[in-house]
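S.K.: First to last, the sequence lines map onto chains W and D.
Taken in order, the first sequence gives residues 1 to 571; the numbers are from full-length UniProt numbering.
Taken in order, the second sequence gives residues 1 to 571; the numbers are from full-length UniProt numbering.
No lab work stands behind these hints, which were simulated from the structure alone.
Errors might be hidden in some of the hints.
For each label pair, taking beta carbons as the anchor points, the in silico distance ranges come out as [claimed, not checked]:
| # | chain 1 | residue 1 | chain 2 | residue 2 | range |
| --- | --- | --- | --- | --- | --- |
| 1 | W | Glu165 | D | Arg320 | 31 to 37 Å |
| 2 | W | Ala512 | D | Ser239 | 35 to 41 Å |
| 3 | W | Thr209 | D | Gly548 | 34 to 40 Å |
| 4 | D | Arg320 | W | Ser43 | 51 to 57 Å |
| 5 | D | Arg380 | W | Asp251 | 51 to 57 Å |
| 6 | W | Ser335 | D | Val486 | 54 to 60 Å |
| 7 | D | Ala39 | W | Ser335 | 18 to 24 Å |
| 8 | W | Arg284 | D | Ser239 | 49 to 55 Å |
| 9 | W | Thr209 | D | Thr224 | 30 to 36 Å |
| 10 | W | Ser531 | D | Thr224 | 45 to 51 Å |
| 11 | W | Lys285 | D | Glu363 | 44 to 50 Å |
| 12 | D | Arg380 | W | Glu250 | 50 to 56 Å |
| 13 | W | Glu122 | D | Glu165 | 31 to 37 Å |
Cross-link-like lysine to aspartate or glutamate pairs, in silico, EDC-like; alpha carbons within 16 Å at most [as the list claims (entries may be wrong)]:
| # | chain 1 | residue 1 | chain 2 | residue 2 |
| --- | --- | --- | --- | --- |
| 14 | W | Lys281 | D | Glu21 |
| 15 | D | Lys281 | W | Glu21 |
| 16 | W | Lys281 | D | Glu17 |
Which chain D residues face chain W? A few, computed with CB under 8 Å, are given here [stated by the list, open to error]:
| # | residue |
| --- | --- |
| 17 | Phe11 |
| 18 | Tyr56 |
| 19 | Glu122 |
| 20 | Tyr124 |
| 21 | Thr224 |
| 22 | Glu225 |
| 23 | Val295 |
| 24 | Ser335 |
Ideal placement from N, C-alpha and C gives every residue a C-beta, glycine not left out.
There are 2 protein chains.
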Amino acid sequence: MTKIVNDPEEFPKDSLEGFTEIYSEYVQPVHGGVVRTAASPESEVALVVGGGSGHYPAFAGWVGPGIAHGSVCGNIFASPSASQARSVIRAADNGAGTLMMFGNYAGDVLHFGQAAEQLRAEGYDIRIVEITDDIASDSPQNHLQRRGIAGDFPVVKVVGAAAAEGHSIDEVEAVARHVNDKTRSLGVAFSGCTLPGSTEPLFTVEEGTFGLGLGIHGEPGIATEKLGTADDLAELLVSKILEEEPPRGEDGYDGRVAVLVNGLGATKYEELFLLYSRISKLLRKAGLEIIRPVVDEQVTSLDMAGVSLTLTFLDEDLERYWLAAADTPAFRSGSVENSGATRREVTAETEEAASAGAPESAEQAKKIAVILEALEKTTRDAEHDLGKMDSVAGDGDHGQGMVLGSTAAAESARQSVAAGAGSKTLLARAGAAWSEGAGGTAGALWGGALARVGNGLSDGEAVDDAAIIAAVVGGTKAIEEMGGAVVGDKTMVDATVPFADALEGAGDKPLAEAWDEAATAAENAAADTASFAAKKGRARTHGGKSVGTPDPGAISFSMLMRTVADQLATK
Amino acid sequence: MTKIVNDPEEFPKDSLEGFTEIYSEYVQPVHGGVVRTAASPESEVALVVGGGSGHYPAFAGWVGPGIAHGSVCGNIFASPSASQARSVIRAADNGAGTLMMFGNYAGDVLHFGQAAEQLRAEGYDIRIVEITDDIASDSPQNHLQRRGIAGDFPVVKVVGAAAAEGHSIDEVEAVARHVNDKTRSLGVAFSGCTLPGSTEPLFTVEEGTFGLGLGIHGEPGIATEKLGTADDLAELLVSKILEEEPPRGEDGYDGRVAVLVNGLGATKYEELFLLYSRISKLLRKAGLEIIRPVVDEQVTSLDMAGVSLTLTFLDEDLERYWLAAADTPAFRSGSVENSGATRREVTAETEEAASAGAPESAEQAKKIAVILEALEKTTRDAEHDLGKMDSVAGDGDHGQGMVLGSTAAAESARQSVAAGAGSKTLLARAGAAWSEGAGGTAGALWGGALARVGNGLSDGEAVDDAAIIAAVVGGTKAIEEMGGAVVGDKTMVDATVPFADALEGAGDKPLAEAWDEAATAAENAAADTASFAAKKGRARTHGGKSVGTPDPGAISFSMLMRTVADQLATK
Chain W
1 MTKIVNDPEE
11 FPKDSLEGFT
21 EIYSEYVQPV
31 HGGVVRTAAS
41 PESEVALVVG
51 GGSGHYPAFA
61 GWVGPGIAHG
71 SVCGNIFASP
81 SASQARSVIR
91 AADNGAGTLM
101 MFGNYAGDVL
111 HFGQAAEQLR
121 AEGYDIRIVE
131 ITDDIASDSP
141 QNHLQRRGIA
151 GDFPVVKVVG
161 AAAAEGHSID
171 EVEAVARHVN
181 DKTRSLGVAF
191 SGCTLPGSTE
201 PLFTVEEGTF
211 GLGLGIHGEP
221 GIATEKLGTA
231 DDLAELLVSK
241 ILEEEPPRGE
251 DGYDGRVAVL
261 VNGLGATKYE
271 ELFLLYSRIS
281 KLLRKAGLEI
291 IRPVVDEQVT
301 SLDMAGVSLT
311 LTFLDEDLER
321 YWLAAADTPA
331 FRSGSVENSG
341 ATRREVTAET
351 EEAASAGAPE
361 SAEQAKKIAV
371 ILEALEKTTR
381 DAEHDLGKMD
391 SVAGDGDHGQ
401 GMVLGSTAAA
411 ESARQSVAAG
421 AGSKTLLARA
431 GAAWSEGAGG
441 TAGALWGGAL
451 ARVGNGLSDG
461 EAVDDAAIIA
471 AVVGGTKAIE
481 EMGGAVVGDK
491 TMVDATVPFA
501 DALEGAGDKP
511 LAEAWDEAAT
521 AAENAAADTA
531 SFAAKKGRAR
541 THGGKSVGTP
551 DPGAISFSML
561 MRTVADQLAT
571 K
Chain D
1 MTKIVNDPEE
11 FPKDSLEGFT
21 EIYSEYVQPV
31 HGGVVRTAAS
41 PESEVALVVG
51 GGSGHYPAFA
61 GWVGPGIAHG
71 SVCGNIFASP
81 SASQARSVIR
91 AADNGAGTLM
101 MFGNYAGDVL
111 HFGQAAEQLR
121 AEGYDIRIVE
131 ITDDIASDSP
141 QNHLQRRGIA
151 GDFPVVKVVG
161 AAAAEGHSID
171 EVEAVARHVN
181 DKTRSLGVAF
191 SGCTLPGSTE
201 PLFTVEEGTF
211 GLGLGIHGEP
221 GIATEKLGTA
231 DDLAELLVSK
241 ILEEEPPRGE
251 DGYDGRVAVL
261 VNGLGATKYE
271 ELFLLYSRIS
281 KLLRKAGLEI
291 IRPVVDEQVT
301 SLDMAGVSLT
311 LTFLDEDLER
321 YWLAAADTPA
331 FRSGSVENSG
341 ATRREVTAET
351 EEAASAGAPE
361 SAEQAKKIAV
371 ILEALEKTTR
381 DAEHDLGKMD
391 SVAGDGDHGQ
401 GMVLGSTAAA
411 ESARQSVAAG
421 AGSKTLLARA
431 GAAWSEGAGG
441 TAGALWGGAL
451 ARVGNGLSDG
461 EAVDDAAIIA
471 AVVGGTKAIE
481 EMGGAVVGDK
491 TMVDATVPFA
501 DALEGAGDKP
511 LAEAWDEAAT
521 AAENAAADTA
531 SFAAKKGRAR
541 THGGKSVGTP
551 DPGAISFSML
561 MRTVADQLAT
571 K
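Could you build the full structure based on these sequences and the hints that come with them?
M.R.: The structure is reproduced here in structure tokens:
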């Protein structure tokens, strides 16, 4: 359980502050994360990694000569926002293109994807390769749909070495796809972890059992098994992973493997060493040769107890990259030429103040700001329940994410009101703030939707109820398109679509009445999500959903739409 | 809780096997621990560290160029035996003398001290400096009586650098005393740890509180306090340690400090970074300059949750040693000249088989072997209860230590019987095996006592009851002398003295009857230890003793004397 906390919402920021101070020789802070302190050659492809915090050394611990050039640092277990990713990439790019790598989770895919699109429009050459090493999360045929766990380390280490060798962005991207294709992990969890500020664990594992393939945020695994000896565990991990060993003698693979035995946090070194001594015997028995084993904590989940085994099936190039020198806060190997004499100069991202809108629009903007404050209050009241709901099938961060997003949006709205901004600007900024503050999938969708609603308004005049309804319907429908989910996937879309349909079909009813009906439709639909059967286990939605619990995203959406209805009714 | 285990008794050995395999470039196994793989210069003073296992990286993780030359590796939380220490020192010594360093605990002091005496008799120049950084364990005036915790790391790091600079054994010893004198730690515990194979934690910390100064094996601390914010914790640790800051401007100290923020196992990196960001602000506010902070896990206690702060008040020499290059499994810094091309050759220690004694003595030896097997059975039955009793005031390893010791002694006795050995040889070997198998203070005392009893017997003839009684009285009285404790200290001596007195005073009663009376005296005395008041808090006896629980060493002694009485009665 996390014990050293000031304000839980500030935990990732506070922690990153300490990290950048301790390792100032390696990293310097930028908006959204860190980049190397030392300058890199201009011709060097930049490797930018990232994801939620709470997994140290992943990802910021790998920034330094020989591995990554920058790391985007999200909130605990929540993907960073697109604006964070943009900022880190701008500071890390050496003019030769940037490869972004992260574990394959919905929020990361969404935010990093948005950032890449925006930066490409600015002329950057941005590539993305998702890491998909966890064999528990999908079938061998769907290797590229799996989620990323401790395999993040060998994959990123290898790609960083390829970048350091001076290869082009095309070549580095090819290495990244290749090494991800040759890397397999399987993990077990012995106990859950507790988020900063929370008094209950995110999930639990029954005493005397372990969760086979349980995700690093508590996502469902393959099975709950009875805890046996270390020998049993070694046998299980090795045999499952070797089911996916590529044929020896083909494509340069002849049985040489990189090995990572990774502790999740509370499973300590002595246990990892013991397990490795068993794993190495089994690998040798299978005719494999171990190349530089790493037995350590490289991808943790706060104080979760558990362990994973990762194998990378090497060819000549991959072996050279795996063994190449590296010098980062959390992993050092060999001797790296120190270019630290030249400091990399980075400029802080600044935000312009909002400009004033027409008085009529500014008046409407004030009312919107009041509604956003009400939304913040609702999410704070519901935080605990939403988190619990989310921990059944997701990573338990939904409650906190909604609080962070709505708080940032309300704060942004207050600033816009103070600047006399119009309603369009206020909502565009509030949307960006929500996305930035919350991170995660839901943060991206809420932020995008708010901005889209703003697009339907105007800074030059007040708009009427019909225009408001059209704007809200447009923003709400955009969620379906942005997230790629459809009704029945057990996501917030199950509630947003009925809401938008009801609002659109309200004809010329007054806004308050129309909204009340639409909110009721959303509430009914959200409650219905509890009875949906488990859908296909898609890695991008954190594995299969469980039956019997409503989708927290649909529930929170319906709650906030009810809050808006209440606000409109009191006017 | 430790989850990855085969046979709990083999846990430290199994774990060390994995460690030496993973880090074979750094360390090679020898009897009792590890030494560097690479050869060292002949003129280099050897630094041998050690202690119980369960604290990785302490101590084996620090073996390599720039720090230690060897590490003695005991059982979990139990000091290694003297024979283990001898073996590692013989393999590590470069001909220029060896400095042994370890945290100041009774078992370590006893075993390493015995090893040093024996090796000095062989012509080795052996020095010992105990590490005493934990300000919670004794007053500032008694700094050298305090126990050693995370300060082990900066102290050992500094001394290793002095040895690597090529200083003489006198100079290196002086550096060791100096840096220990300038190093202060204070730790807090949030939750206990669980020994391998155990289902209950060694100790617990009440939810919402922390143990201030609680030892790394659960030894009593200063107080139980309510858990506040990270700011509160930083303030507490910094202010308490700075109470012992030496005057600035004297002895070369001008406010420059080495800083270690150490996690005990389940308190993870993000929390340590956050705490450091607060600590560094407070240190700067106090006018101090931080020299290369280390914020990491360097001295753990299995999966215990907790953290400690260590400051070393630097002068010019200490700062140079602190910053010097090092290359070990758990700590790397700068660039070390690799002498790995030359492998250090070590020879395995071998034990001669026992030679046969006279048939009459061998007959008596067989009976002793049967008694030793009965002792093993008794300790196995009592293991859990003894461990629980020990966890109140000690480190909870007494039950396991007694099982390991008696098992090794019984096995050794079986081998002696098979070789036809006489009773003197059988007991001498059984004593050495007990000490070796158990480690810890109790192991040293039991082993020494058995050997001493053997000294009173003969391999050439059977001895009569009077001679047996004299030998047993002599062996039992030796415990007082070896351990340095007296009656009333709440140690096993509280039971051994009444036992020896009763046996000695039995006149010419038959052996079985005399032993029965002496065993009863031991039982009464052991029970009485529960009512002793807390004695002075001596670091060497793991801090102050608590009232109300009998001393586990006295209890186990009386139990085993009862077992012997039962055996004698059935004959």
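S.K.: Taking 44 to 50 Å as the hint, is the beta-carbon distance of Lys285/W and Glu363/D inside that range?
M.R.: Taking Cβ atoms as reference, Lys285/W and Glu363/D lie about 48 Å apart, which means the hint holds.
S.K.: Please test the hint of 49 to 55 Å on the beta carbon pair from Arg284/W and Ser239/D.
M.R.: Since the Cβ atoms of Arg284/W and Ser239/D sit about 54 Å apart, the hinted range of 49 to 55 Å holds.
S.K.: Measuring from the C-beta of Val295/D to each C-beta in chain W, is the shortest one below 8 Å?
M.R.: Val295/D check passes; min Cβ-Cβ to chain W is 5 Å, inside 8 Å.
S.K.: Tell me if the interface restraint on Ser335/D is satisfied: Cβ within less than 8 Å of some Cβ in chain W.
M.R.: Cβ of Ser335/D sits 6 Å from chain W, so the hint holds.
S.K.: For the range 51 to 57 Å, tell me whether the beta carbons of Arg320/D and Ser43/W fit it or not.
M.R.: Violated: the Cβ-Cβ distance is about 38 Å, outside 51 to 57 Å.
S.K.: Close enough to count: is the Cβ of Glu122/D nearer than 8 Å to one in chain W?
M.R.: violated (33 Å)
S.K.: Falls inside 54 to 60 Å, the C-beta gap from Ser335/W to Val486/D?
M.R.: The hint (54 to 60 Å, Cβ to Cβ) holds, given that Ser335/W and Val486/D are roughly 57 Å apart.
S.K.: Just to be sure I understand the hint, the distance between the Cβ atoms of Glu165/W and Arg320/D should be within 31 to 37 Å; is that true here?
M.R.: holds (36 Å)
S.K.: Please check whether Tyr124/D passes as an interface residue: C-beta within 8 Å of a C-beta belonging to chain W.
M.R.: At about 30 Å, which exceeds the 8 Å cut-off, the nearest Cβ of chain W leaves the hint on Tyr124/D violated.
S.K.: Between Ser531/W and Thr224/D, does the beta-carbon spacing fit 45 to 51 Å?
M.R.: The hinted range 45 to 51 Å holds for Ser531/W and Thr224/D, with Cβ atoms some 49 Å apart.
S.K.: Taking the beta carbons of Arg380/D and Glu250/W, is their distance inside 50 to 56 Å?
M.R.: holds (54 Å)
S.K.: Just to be careful, I want the Cα atoms of Lys281/D and Glu21/W compared with a cutoff of 16 Å; is the pair within it?
M.R.: holds (11 Å)
In the structure shown, a violation is registered for the earlier hints numbered 2, 4, 13, 19, 20, 21, 22, in ascending order.
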